[in-house]
Amino acid sequence: MTPNSAVDNSSNSLRNRVLQDPSFGIVSLLITVIIAMTILEPSFATSGNVTNIINAMMTVSFLAIGMTVVLIAGGLDLSVGSTMAVTAGVAGKFIAYGMPMGVAFMWSLAIGVGIGLINGLLITKLGIPDFIATLAMLGIGQGVILFWTQGVPILGYMNDAYYYIGGLEKIVGPISVPMIVVVVISVVMAIVLKRTKFGLELYAVGSSPISARNAGVNTHAIKISAYAISGLFAAVAGIHIAGRTTTIPPLIGKGYEISAIAAAVIGGASLLGGKGRIIGALIGALTLTLTRNIINLIGIESSWQAIVTGSVLIAAVLANRASAGFSRKRLRRMNT
Amino acid sequence: MRNQSKFSKLISIEGVVILTAFVLMVIFFSLKADSFLIPDSIRYYINEAVPIFIIIVGLTFVIIAGGIDLSIGSVLGLSAGTSLMVSMWGWPFWVAVIVGVSTGLAFGLLNAVIITIFKVNDFIVTLGTLYIAAGSLTVLTDKVQLTGTEDASFQRISDLSFLGLTSSIWIAIVIIVVFELVLLKSPFGRRIFATGIGEVPALISGINTQRTKFVAYLISGGLAGFGGVLLASHLNSVQSGLAGGYELTAIASAVLGGISLAGGRGSVWRAIVGALFLTTLNQGLLLMGIDPLIFQIVTGLCILIGVIVDRGVYKFTLTFSTQTREVNSRSRDGEVVSS
Amino acid sequence: MSSISKRFQGVQALDNVELEVRSGEIHALLGGNGAGKSTLLKILSGLALPDEGTISFQGQRVEIESPREAQELGISMIHQELSIIPDLSILENIFLGQERLITQRNSWTPWVNRREMAKKVREVATEFGITEVELWRPAGEFGALKKRSIEIVKALVVQPKILILDEPTSGLEEHEKELLFGHMRSLQRRGVALIWVTHHLDEVFGLADTATILRDGRSVAETSIKGKNLNDIISLMFGSQAAALIEQPRIGRKSGKTEIKNQFKSLEVVGFKREGVLKDISFDLWNGEILGIAGLAGAGRTELMRALMGIDKIDSGSINIFGKIEKIGHPEKAYELGIAMVPEDRKALGILSEFSIERSVSISNLVNILKSGWLNAKKERELASKFISKFSIKTPNSREKIRNLSGGNQQKVIISRCINSNPRILIFDEPTQGIDIASKVEVHKLIRELADEGKSIIVIASELNELIRLSDRIIILREGSIVGEIDSVPEKIQMNGYELVEQDILHKSSRVNV
Numbered sequence: 018m019t020p021n022s023a024v025d026n027s028s029n030s031l032r033n034r035v036l037q038d039p040s041f042g043i044v045s046l047l048i049t050v051i052i053a054m055t056i057l058e059p060s061f062a063t064s065g066n067v068t069n070i071i072n073a074m075m076t077v078s079f080l081a082i083g084m085t086v087v088l089i090a091g092g093l094d095l096s097v098g099s100t101m102a103v104t105a106g107v108a109g110k111f112i113a114y115g116m117p118m119g120v121a122f123m124w125s126l127a128i129g130v131g132i133g134l135i136n137g138l139l140i141t142k143l144g145i146p147d148f149i150a151t152l153a154m155l156g157i158g159q160g161v162i163l164f165w166t167q168g169v170p171i172l173g174y175m176n177d178a179y180y181y182i183g184g185l186e187k188i189v190g191p192i193s194v195p196m197i198v199v200v201v202i203s204v205v206m207a208i209v210l211k212r213t214k215f216g217l218e219l220y221a222v223g224s225s226p227i228s229a230r231n232a233g234v235n236t237h238a239i240k241i242s243a244y245a246i247s248g249l250f251a252a253v254a255g256i257h258i259a260g261r262t263t264t265i266p267p268l269i270g271k272g273y274e275i276s277a278i279a280a281a282v283i284g285g286a287s288l289l290g291g292k293g294r295i296i297g298a299l300i301g302a303l304t305l306t307l308t309r310n311i312i313n314l315i316g317i318e319s320s321w322q323a324i325v326t327g328s329v330l331i332a333a334v335l336a337n338r339a340s341a342g343f344s345r346k347r348l349r350r351m352n353t
Numbered sequence: 296m297r298n299q300s301k302f303s304k305l306i307s308i309e310g311v312v313i314l315t316a317f318v319l320m321v322i323f324f325s326l327k328a329d330s331f332l333i334p335d336s337i338r339y340y341i342n343e344a345v346p347i348f349i350i351i352v353g354l355t356f357v358i359i360a361g362g363i364d365l366s367i368g369s370v371l372g373l374s375a376g377t378s379l380m381v382s383m384w385g386w387p388f389w390v391a392v393i394v395g396v397s398t399g400l401a402f403g404l405l406n407a408v409i410i411t412i413f414k415v416n417d418f419i420v421t422l423g424t425l426y427i428a429a430g431s432l433t434v435l436t437d438k439v440q441l442t443g444t445e446d447a448s449f450q451r452i453s454d455l456s457f458l459g460l461t462s463s464i465w466i467a468i469v470i471i472v473v474f475e476l477v478l479l480k481s482p483f484g485r486r487i488f489a490t491g492i493g494e495v496p497a498l499i500s501g502i503n504t505q506r507t508k509f510v511a512y513l514i515s516g517g518l519a520g521f522g523g524v525l526l527a528s529h530l531n532s533v534q535s536g537l538a539g540g541y542e543l544t545a546i547a548s549a550v551l552g553g554i555s556l557a558g559g560r561g562s563v564w565r566a567i568v569g570a571l572f573l574t575t576l577n578q579g580l581l582l583m584g585i586d587p588l589i590f591q592i593v594t595g596l597c598i599l600i601g602v603i604v605d606r607g608v609y610k611f612t613l614t615f616s617t618q619t620r621e622v623n624s625r626s627r628d629g630e631v632v633s634s
Numbered sequence: 008m009s010s011i012s013k014r015f016q017g018v019q020a021l022d023n024v025e026l027e028v029r030s031g032e033i034h035a036l037l038g039g040n041g042a043g044k045s046t047l048l049k050i051l052s053g054l055a056l057p058d059e060g061t062i063s064f065q066g067q068r069v070e071i072e073s074p075r076e077a078q079e080l081g082i083s084m085i086h087q088e089l090s091i092i093p094d095l096s097i098l099e100n101i102f103l104g105q106e107r108l109i110t111q112r113n114s115w116t117p118w119v120n121r122r123e124m125a126k127k128v129r130e131v132a133t134e135f136g137i138t139e140v141e142l143w144r145p146a147g148e149f150g151a152l153k154k155r156s157i158e159i160v161k162a163l164v165v166q167p168k169i170l171i172l173d174e175p176t177s178g179l180e181e182h183e184k185e186l187l188f189g190h191m192r193s194l195q196r197r198g199v200a201l202i203w204v205t206h207h208l209d210e211v212f213g214l215a216d217t218a219t220i221l222r223d224g225r226s227v228a229e230t231s232i233k234g235k236n237l238n239d240i241i242s243l244m245f246g247s248q249a250a251a252l253i254e255q256p257r258i259g260r261k262s263g264k265t266e267i268k269n270q271f272k273s274l275e276v277v278g279f280k281r282e283g284v285l286k287d288i289s290f291d292l293w294n295g296e297i298l299g300i301a302g303l304a305g306a307g308r309t310e311l312m313r314a315l316m317g318i319d320k321i322d323s324g325s326i327n328i329f330g331k332i333e334k335i336g337h338p339e340k341a342y343e344l345g346i347a348m349v350p351e352d353r354k355a356l357g358i359l360s361e362f363s364i365e366r367s368v369s370i371s372n373l374v375n376i377l378k379s380g381w382l383n384a385k386k387e388r389e390l391a392s393k394f395i396s397k398f399s400i401k402t403p404n405s406r407e408k409i410r411n412l413s414g415g416n417q418q419k420v421i422i423s424r425c426i427n428s429n430p431r432i433l434i435f436d437e438p439t440q441g442i443d444i445a446s447k448v449e450v451h452k453l454i455r456e457l458a459d460e461g462k463s464i465i466v467i468a469s470e471l472n473e474l475i476r477l478s479d480r481i482i483i484l485r486e487g488s489i490v491g492e493i494d495s496v497p498e499k500i501q502m503n504g505y506e507l508v509e510q511d512i513l514h515k516s517s518r519v520n521v
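In the order they appear, the protein sequences are chains A, B and C.
Going by my numbering, the first sequence wraps up at 353, each residue one higher than the last.
Going by my numbering, the second sequence wraps up at 634, each residue one higher than the last.
Going by my numbering, the third sequence wraps up at 521, each residue one higher than the last.
Think of the hints as simulated: they come from the structure by calculation, not from any bench.
There's no promise every hint is true.
One side only, chain A facing chain C, incomplete, derived with CB under 8 Å [to be verified]: (1) R212; (2) T213; (3) K214; (4) S224; (5) N231; (6) H237; (7) L288; (8) R338.
The list that follows gives simulated cross-link-like pairs (lysine-lysine, BS3-like), each with its CA atoms no further than 25 Å apart [as the list claims (entries may be wrong)]: (9) C:K386 x C:K401; (10) C:K515 x C:K286; (11) A:K271 x A:K110; (12) C:K334 x B:K414; (13) C:K393 x C:K378; (14) C:K354 x C:K320; (15) B:K480 x A:K271; (16) C:K408 x B:K480; (17) C:K515 x C:K499; (18) C:K499 x A:K214; (19) B:K610 x C:K408; (20) C:K393 x B:K480; (21) B:K480 x C:K154; (22) C:K385 x B:K480; (23) C:K452 x C:K499; (24) C:K286 x C:K331; (25) A:K211 x C:K127; (26) C:K378 x C:K354; (27) C:K184 x C:K154; (28) C:K126 x C:K154; (29) A:K214 x C:K184.
Bear in mind that the values here come from a model prediction, so they are computed numbers and not experimental data.
Glycine residues also receive a C-beta, built at the ideal position from the N, C-alpha and C atoms.
Only chain A is shown next, with the shape it has when bound in the complex:
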């Protein structure tokens, strides 16, 4: 994807491409922090901790990828956390009732897509603002899962295969099924975004819906698809988390939407639409997970997590705005 910052030096050398990359700042920060932690805290760079980090990253990665797609198209999906919860519940309950795992997973995915479609339709056809529609769906979803669990965690659905699928059992060395799934999904979505018409139209609709429409793009269909994709990946996250935590507590999924947004935004997606990358979503997810991990290692209690996540989100959005402002100033100077 074309780089999205303006510089005077427009030669295409490797050095320039690296410097101009929108994630340059955050990646440098990450590398610095990692090096610092390795030196300062002995338990950081152990293989155990590293696998911890990567495993913890999985859930947010799925959600962040879906959120990135929605953000690119100029929308916002606040319901991903509750969609994840509902689909996790579906998977767990259906398997506990005796349904074959594959079928149960199909149901989960279908419901995830369904919720996404509903979101998309509410927003495009009924004209409900995106965050209201998805906020309402969040409430509905949360209610559904609370009601279903009756406040009691769902149990009794884990089987051998699920241990693998959830990532608790590894396949080879440290590699687990979720890791493979994340990689596959990332590659597929990255290809879709970069090389297909659909991907291009997603960016177009997010960047300027009116101009996109003038060019003949079906903006409604694109937005609905984006929300459907978000719902699909929320369902993937749901299936995964059910396997990872082995029980489904009633409050599962609470707060995940904000992590998803934060991760996407850290990775370069813009709330205004038209920008974002899959690799960015992964970088964002890594950043959040790493932060949590470091907080734990240093000894700050985990109760600080919400505060950190909230602050990181605001900081990321402010930074986005600042860099947008700077590049606009540079643009004006360039163009006079």
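On the provided structure of chain A, position chains B and C as indicated by the hints.
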């Protein structure tokens, strides 16, 4: 001008739809559930709902000004924590009140600055402050066991009985009346409406929209803080996660009351009617023996239905406006095009 | 071969308009602001549907219901407002939505092959100054010039049968204009029909074959360009409007600065600069005078007023108002200092649609209706009634919502709002836009009365007739600078005749030497 039918004139009266729904609902429940209309039980659940009423007042200002504040629930919870804590440490009750309200104002200030000065999207910011406030409460309750103050005067803030109603309810009534007056009858309130209708036309008319929105967020935070004080006084204990989800109820109430999320329309009492509707609905369902966990689903549905109905009614009343001789034409999807 | 004929009846915008274009013809579509040109174009390009009427293409009736269908027919359009997607690269902007037409493949594929697109597009792009490197950069990085070129390339690259150009030369330099004209001619030779909308009447000569002229939504003429000159065209465009206004002669109005007692400078604008928009503008304003600001769309007239009101920020410059040096950073301050503005584009910028007449009138000066600190409904109603009778605003009562009024009455309400703020300087930006004739006359009378009371008035009007008849003095803007000033307008009209004055302004606005 085309003649409006009696029906459409009726519909466009502010809040008529929700009031009718409310009345119908009350009738329904009093038939279906015993003990629904007992004054004691009514008084009880209204008392429980007071904190929500208070944050709704603040939210109304923000929404009418064209913004949104998602942090009100968590800020209310945190303020409950801080004020209770101060009271437990032996400070007099009025110090606890100041601390609680200041907590709310601090978050209101944070929201106001980032949203109006740095011009960051309002719901992302308030989503962020929601989490910061909720997280702060978690940290607080981790460190300090907020099991209750011995200061009776703190407790009496909410529980004093007067003319058959608790002090909580009286305070809520006073706040509702005062702020409604400010909204409808003060220059500041008028500016809030103008800002919400359109920031650009308001600006061109000479209104400082930035300052107006700034104050709106401060009010929202401050009232959330005060609501927290009342809640702490009433419960006399605060736990992590308190008031989580209140913002959903508050938004739903505003939407049900017919306040447009786009801004520029509405009033405090309409949001309160919406809140009464929701709390009564909850109470009715409870008394009918239906699972309380359904309530969240219901709230979410109510938001959706409320927004859809609101748009429908609005569009309906718009068809009666005169548009003569404008050199404009409507393109297919309703965008107005001028040549 | 006839390409299109069209007739429809839209009560508001277009009334039984006919347009007929032949292949290989450059057909100019002319008319003043609000004449209906862009509506007509929107219908032709599939962005709007006519209420009545038909479109025939090469003898066959067609329905154009979406931009895509227009494309399929071979209709391509270069828009007036830039329709660029900033986060997409220039190349992507060019081929978005028209991939199949460019590659001329019939099968559908989900893939985009940018390299292939670049190959097909390269030639035309380079001709319009888009380098290879630039093709791959986000379109949002570039200025209006480049964006205009992108639009042109986008339209040309699909080899259209009908090319619509809506103000294609705005923002272009001379050599780029020549380039565009060259392309238009070569397309013409290839049999393409071109429909060309432009304000730059000078360009029409030497290029266009025929012209259709619209006025107030009707087609008033379809004529061949040969044998006509600039003045013929202008009179066709603006003709009868002048007749209505001539009935209000400019007698009884003191002309020029010399007649006014106690004359002083109410405002002095010094060195307003805003990158790309205002290039060092300075002017004076005297009490009791009506200063008109002329210029084409995009010349910077509204931008100048917005800067004066503090709505937009300026890079540098200051004002001296009633003797004091001030900086206006916010419209609130402007109103405090005694400046009020009636904006253009009433619907988007002027009215607060939810407000009643009462509220609309009081909003710029709420202090007026206070009683012990609170807004007083009775005072508000009386205030509104005062203005309703003073300006003959037609409305059942003062509580009516402003959006229910007709355009003319809405404008009167906005003027009332401004006057209620006790201004000493009033700015009118397109004061009679979208208003019926009767109200137009009333508004003009109002403006003159305000000036007679000693207030300073600035008027922006795109219809030169209106501007000339109203103003005592006119300054002419072009591309952000003041390029001319006409003093003592009424005297000049008497001496040299109206047409000469109008021509003078037109020529200065559009850089034509005749």
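Right, here's what the structure says about each hint:
Restraint check, A:R212 versus chain C: the minimum CB separation of about 6 Å is within 8 Å; hint holds. The closest approach between the C-beta of A:T213 and any C-beta of chain C is roughly 5 Å, which is under the 8 Å cut-off, so the hint is satisfied. Evaluation of the A:K214 hint against chain C yields a held restraint, the C-beta minimum of about 5 Å falling below 8 Å. Hint status for A:S224 relative to chain C: holds, with the closest Cβ pair at about 4 Å, below 8 Å.
Using the Cβ-Cβ criterion of 8 Å, the hint placing A:N231 at the interface with chain C is satisfied: the shortest such distance is roughly 5 Å. At its closest, the beta carbon of A:H237 sits 12 Å from a beta carbon of chain C; the interface hint therefore is violated under the 8 Å criterion. Residue-level restraint check for A:L288 is violated (minimum Cβ-Cβ distance to chain C is 13 Å; threshold 8 Å). Given the 8 Å rule on beta carbons, the hint for A:R338 is violated: about 16 Å separates it from the nearest Cβ of chain C.
With a C-alpha separation of about 20 Å, the suggested pair C:K386 and C:K401 falls inside the 25 Å cut-off, and the hint holds. For the proposed pair C:K515 and C:K286, the alpha carbon gap of about 17 Å is at most 25 Å, so the pair holds. Annotation: proposed proximity of A:K271 to A:K110 holds, straight-line Cα distance about 19 Å (limit 25 Å). The suggested pairing of C:K334 with B:K414 holds, with an alpha-carbon distance near 23 Å, which does not exceed 25 Å.
For the hint pairing C:K393 with C:K378, the CA-to-CA distance comes to about 18 Å; that is within 25 Å, so the pair holds. For the hint linking C:K354 to C:K320, the alpha-carbon distance of about 23 Å falls within 25 Å, and the restraint holds. Between B:K480 and A:K271 the CA atoms are separated by roughly 41 Å; this puts the pair beyond 25 Å, and the hint is violated. The hinted pair formed by C:K408 and B:K480 meets the criterion: a straight-line CA distance of about 18 Å does not exceed 25 Å.
With a C-alpha separation of about 16 Å, the suggested pairing of C:K515 with C:K499 holds against the 25 Å cut-off. Proposed proximity of C:K499 and A:K214 is contradicted: the alpha carbons are some 61 Å apart, above 25 Å. The suggested pairing of B:K610 with C:K408 holds, with an alpha-carbon distance near 15 Å, which does not exceed 25 Å. Between the alpha carbons of C:K393 and B:K480 the distance comes to roughly 21 Å, so the proposed pair stays at or under 25 Å and holds.
A distance of roughly 49 Å separates the Cα atoms of B:K480 and C:K154; the hinted pair therefore is violated under the 25 Å criterion. Restraint check for C:K385 and B:K480: the C-alpha separation of about 12 Å stays at or below 25 Å, so the hint holds. A threshold of 25 Å between alpha carbons decides the hint, and for C:K452 with C:K499 the separation of about 21 Å falls inside it, so the pair holds. With a CA separation close to 24 Å, the supplied pair C:K286 and C:K331 stays within the 25 Å bound.
Taking the CA atoms of A:K211 and C:K127, the gap is near 20 Å; set against the 25 Å cutoff, the hint holds. Of the pairs offered as hints, the one joining C:K378 and C:K354 is violated, with about 32 Å between alpha carbons and a cut-off of 25 Å exceeded. A C-alpha spacing of about 14 Å is found between C:K184 and C:K154, which places the hinted pair at or below 25 Å, so the restraint holds. With a CA separation close to 20 Å, the supplied pair C:K126 and C:K154 stays within the 25 Å bound.
For a cut-off of 25 Å, the pair hint linking A:K214 to C:K184 is broken: about 33 Å separates their Cα positions.
Hints 6, 7, 8, 15, 18, 21, 26, 29 from the list above are not met by this structure, while the remaining hints are.
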